[in-house]
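Engineer: What follows is each chain in one-letter form.
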Amino acid sequence: MRITQGTFSFLPDLTDEQIAKQIAYALAQNWAVSVEFTDDPHPRNTYWEMWGMPMFDLADPAGVMEEIRACHKAHPDCYVKLNAFDSTRGFETMRLSFMVHRPPVEARFRLRREETAGRLIRYTLERA
Amino acid sequence: MSTTFDLQALLRESGVAGVLDELDRELIGLAPVKMRIREIASLLVVDKARAELGVRGAKPSLHMCFTGNPGTGKTTVATRMATILHRLGHVRKGHLIAVTRDDLVGQYIGHTAPKTREVLKRAMGGVLFIDEAYYLYRPENERDYGLEAIEILMQVMENQRDDLVVIFAGYKSRMDTFFQSNPGLSSRVAHHIDFPDYSVEELEAIAGLMVRELGLELSPEGRGALAQYLRLRREQPNFANARSVRNALDRARLRQARRLLDAGRVDRQMLTTLEAADFLASRVFAAARTPPAPKEAAC
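Chains as they are written, first to last, in the numbering used here: chain A, 1 to 128; chain B, 1 to 299.
Hints may be right or wrong, so weigh each one.
Unchecked claim - Using 16 Å as the maximum straight-line C-alpha spacing, the simulated EDC-like pairs for lysine to aspartate or glutamate come out as follows:
hint, chain 1, residue 1, chain 2, residue 2
1, B, 115, A, 67
2, B, 115, A, 66
3, A, 21, A, 66
Derived from the structure by calculation, the hints contain no laboratory data.
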């Protein structure tokens, strides 16, 4: 199952060149870019591992691309995403976040059905 | 029919000609340096023309080493270099990150690599200027972390030539020993540019420029006194070329301010003129009269 999350989830995976252009845009807006990875891409898992510190004061995407490559190399079986944080007052939040790498064998999820009080059925996503 | 190229036009279009002219106008002396910069600019223009014809060569390695005494304009030229390289499309952004050993080398094991990488990341797309680069390598301490920084630098200089240009700067003799002890680094730095000391005439011209930038002027006697001052100061220890000129002017302004306050009523002319007295009060003249100068810097 192809897992999708974040800003460009409806598009095919971006190429390196396209990723670099997105980073260049984020840097031009003065957003702090950071790289995160996880082996648990559950949609409710908002806490991915940080790959190093968020990167401030960058001028060019080359440095970020380098970090993405390094992260992917160190964790080939993980999902890697890129975040861009806007510190402008009023926003103070992620403005852009998208996946840049996925493992060769993707995580699988299944829908679990659970019967609770009063024959009520609850559904939840579970890692297969 | 073969396509012909007007290289001069290409040079003009890129806006580099303007920067080069500015360099000629605003930087006094430094003939060998300007020559070398022109050569580098020409090389990049020719490469550009070649690329338009579809002849794709590898990008030239433009890592540089600026050697010269303090105050000879190494940092200033590095800033211009960044602009030139940007206009010619060699680097993508054209900003300059100036660092010293403290910014690259960490304080404990495992601190250096992230620190150096952090700086390199910030410099990507521009120029990394490492001032007093010889401090990176301290042969007397074999557990010094400087070597680690040098190794990371070398790796990036080799593999990511397209992403950044590294400029090392420092005093000539110490840079020479630095490169001797790091042959790998030496071979990766293609351009060694030596910044000569300024002559007295050049120093006077620099002082003239600085005075104008400060919105001041020199009285004819003041000009004479300044020339005299520079001639004496040049012979004394710790002379830092253009930086010494700037310091001398700053102190002359202090003396001028005190003189004007003592005078009470002043007019525009007095407010903007540096007189001979402002320079003659300097300790440099006193030191020249009593030859056995003390070891501390004559300021």
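Engineer: Name the hints, by number, that the structure is in violation of.
Structural biologist: none
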